[in-house]
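Colleague: Residue-level listing of the chains:
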Amino acid sequence: MVNAAKVLQDLRASAERKPDVVVRLGKPLIDSGAVLKLDTDAWLVYEQVAIAALDIGDDGLSLKCIYALETKFPGSARVRRLKGMQLEAIGKLAEAGEVYKAILEEDETNVLASKRQVMLLRAMGLPSEAISALVKYLDVNYTDFEGWLQLADLYLDELMYAQAAFCMEEVLMLQPQNHIFHLKYAEILYTQDNFQLALKQFCRVVELCRDHVRGLYGIKMCASRLLKAARSKDEAATSQEDLEAMDLLATERLIALYGAPGAAAESSKVAATKWIETQ
Amino acid sequence: MKFSHKAYLKPLAHAAKYPTGPVNGVFLAETNSTHLVVDAVPLFHFWGTLTPMLEVAMTQVDLYCKANGLRIIGYYEASERLEDVALSLAGQKIASQIHHVNPEAFAVVIKNQNINSDDVAFLPYQLKDGQWRVIKEAFSDMNAEFSLENSSSPTEVAKALRGGLSEKLADFDNHLENIKEDWLINKAVV
Numbered sequence: 001m002v003n004a005a006k007v008l009q010d011l012r013a014s015a016e017r018k019p020d021v022v023v024r025l026g027k028p029l030i031d032s033g034a035v036l037k038l039d040t041d042a043w044l045v046y047e048q049v050a051i052a053a054l055d056i057g058d059d060g061l062s063l064k065c066i067y068a069l070e071t072k073f074p075g076s077a078r079v080r081r082l083k084g085m086q087l088e089a090i091g092k093l094a095e096a097g098e099v100y101k102a103i104l105e106e107d108e109t110n111v112l113a114s115k116r117q118v119m120l121l122r123a124m125g126l127p128s129e130a131i132s133a134l135v136k137y138l139d140v141n142y143t144d145f146e147g148w149l150q151l152a153d154l155y156l157d158e159l160m161y162a163q164a165a166f167c168m169e170e171v172l173m174l175q176p177q178n179h180i181f182h183l184k185y186a187e188i189l190y191t192q193d194n195f196q197l198a199l200k201q202f203c204r205v206v207e208l209c210r211d212h213v214r215g216l217y218g219i220k221m222c223a224s225r226l227l228k229a230a231r232s233k234d235e236a237a238t239s240q241e242d243l244e245a246m247d248l249l250a251t252e253r254l255i256a257l258y259g260a261p262g263a264a265a266e267s268s269k270v271a272a273t274k275w276i277e278t279q
Numbered sequence: 001m002k003f004s005h006k007a008y009l010k011p012l013a014h015a016a017k018y019p020t021g022p023v024n025g026v027f028l029a030e031t032n033s034t035h036l037v038v039d040a041v042p043l044f045h046f047w048g049t050l051t052p053m054l055e056v057a058m059t060q061v062d063l064y065c066k067a068n069g070l071r072i073i074g075y076y077e078a079s080e081r082l083e084d085v086a087l088s089l090a091g092q093k094i095a096s097q098i099h100h101v102n103p104e105a106f107a108v109v110i111k112n113q114n115i116n117s118d119d120v121a122f123l124p125y126q127l128k129d130g131q132w133r134v135i136k137e138a139f140s141d142m143n144a145e146f147s148l149e150n151s152s153s154p155t156e157v158a159k160a161l162r163g164g165l166s167e168k169l170a171d172f173d174n175h176l177e178n179i180k181e182d183w184l185i186n187k188a189v190v
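Protein chains in written order, with the UniProt record's numbering: chain E, 1 to 279; chain B, 1 to 190.
The set of hints was computed from the structure by calculation and includes no laboratory data.
Careful, some of the hints might be misleading.
Heads up, incomplete: computed chain B residues facing chain E, CB under 8 Å, no partners named [what the hints assert, rightly or not]:
| # | residue |
| --- | --- |
| 1 | 18 |
| 2 | 50 |
| 3 | 52 |
| 4 | 87 |
| 5 | 90 |
| 6 | 92 |
| 7 | 175 |
| 8 | 182 |
| 9 | 188 |
Here a beta-carbon is modelled for each residue, glycine too, at the ideal position from N, C-alpha and C.
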């Protein structure tokens with residue numbers, strides 16, 4: 001029982017979405033009542049299992065958890081938003097909307113309800129409305145980098161790359177050391193044909209996370225595009241020598257990584273090596 | 001187009017592995033045959049609207065094809081929303097590019113609701129007059145244009161997925177995170 005609780009705790013901390021694991025470990029704890037031995041953590045487990053149960057379609061388990069939480073915390077907005085999620089999961093989108101609206105009428109700053117409302121609009125197939133709602137939320141909560149990340153994704157769904165890039169810039173101001181955010185920004189820039197800036201961002205990825213394969217591929221893609229293009233008159237542009245050096249570095253590292261014994265399946269290695277040669 | 005068991009299995013395993021997000025990939029056929037879709041290669045499960053890794057993947061699949069007497073014949077995707085069977089904007093662009101090189105190319109959207117059933121879970125699209133249009137009545141007696149090589153593929157695949165097969169599938173995103181992942185062949189799955 002201690003192990004299950006620890007795994008659940010780790011998953012709460014990492015925020016990974018592994019509903020099958022959560023339900024497999026959490027359901028016995030809840031059914032047997034052993035969850036209550038976890039004191040204050042018990043309610044976090046109930047909430048965690050409720051959400052995981054919705055993910056895997058176990059409505060009964062979810063309602064059981066929500067009921068326990070309602071009993072313990074009557075009137076709580078946090079629990080009511082869970083009820084809203086349960087309604088969303090069974091397809092009752094309009095009713096879910098009413099739940100979130102009611103919470104926000106009492107407290108317009110309620111973060112959980114605001115966020116659910118954005119995703120509800122998206123689930124209803126109303127992307128513009130979802131974007132507007134999230135923009136409004138971020139006007140107030142501009143340090144919520146997860147909000148900016150979600151907005152970037154909403155824009156990307158609509159292929160609005162410039163707006164998505166802007167969102168990633170906000171994310172990076174708040175989380176400058178996260179190489180995955182630099183990577184996402186780099187790939188958006190590349191998609192916009194901004195190879196110069198994309199290259200800088202891919203380099204930052206590899207700087208923050210040594211031998212990052214995806215970052216190295218990105219460096220090669222940008223360097224080869226820039227080397228093939230006409231020389232830029234912009235003084236701030238990376239010089240031909242530097243481009244060639246970066247391309248060489250990325251090439252060397254990729255060859256070393258793929259070439260290590262047992263590093264990659266034969267088919268992957270052959271394709272990657274040939275790709276490197278022909279870039 | 002006739003789909004081999006492998007070409008039916010892999011896209012569904014890909015969709016089942018990532019139920020909370022969109023997935024996409026390509027279909028392969030032998031260079032000489034025109035109508036047998038022999039395999040599928042899963043590509044992405046996140047950032048599907050971004051291009052750099054798509055370019056890398058498509059080039060590497062192409063190189064793999066040339067080395068093995070194959071060619072890219074189609075594109076597949078699955079939406080994160082259960083009932084959504086529309087071909088996404090990004091999907092249309094990718095499929096159109098494949099079509100540009102190979103006019104026989106088609107697209108398939110996975111019918112998520114049919115994954116765990118005995119019914120065929122592929123909804124094919126073809127490019128007609130510059131628009132990607134659904135092919136009605138595919139995989140039925142009324143339309144022999146799209147069929148399965150093995151009529152029990154849906155049932156067998158559903159069973160295999162219930163047994164946890166999708167965990168063993170690797171796509172290009174997985175490969176970029178860990179180059180040991182066998183994304184081009186996926187021996188562990190077939």
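Colleague: A separate judgement is required for each hint: does it hold in the structure or not?
Modeller: Hint check:
For residue 18 of chain B, the suggested interface contact is broken, since its CB lies about 10 Å from the closest CB of chain E, more than 8 Å. For the restraint placing residue 50 of chain B at the interface with chain E, the shortest Cβ-Cβ distance is roughly 4 Å, inside the 8 Å limit, so the hint holds. The restraint placing residue 52 of chain B at the interface with chain E holds, with a minimum CB-CB distance near 4 Å, inside the 8 Å limit. Proximity of residue 87 of chain B to chain E is violated relative to the hint, the smallest CB-CB distance being about 14 Å (cut-off 8 Å).
For residue 90 of chain B, the interface hint holds, the least distance from its beta-carbon to any beta-carbon of chain E being 7 Å, beneath 8 Å. For residue 92 of chain B, the suggested interface contact is broken, since its CB lies about 11 Å from the closest CB of chain E, more than 8 Å. Interface restraint check: residue 175 of chain B against chain E, minimum CB-CB distance 6 Å, threshold 8 Å, status holds. At a threshold of 8 Å, the smallest CB-CB gap from residue 182 of chain B to chain E is about 4 Å, leaving the interface hint in force.
With 8 Å as the threshold, the beta carbon of residue 188 of chain B stays out of range of chain E, its nearest partner Cβ sitting at about 10 Å, so the hint is violated.
Violated hints for the displayed structure, listed by number in ascending order: 1, 4, 6, 9.
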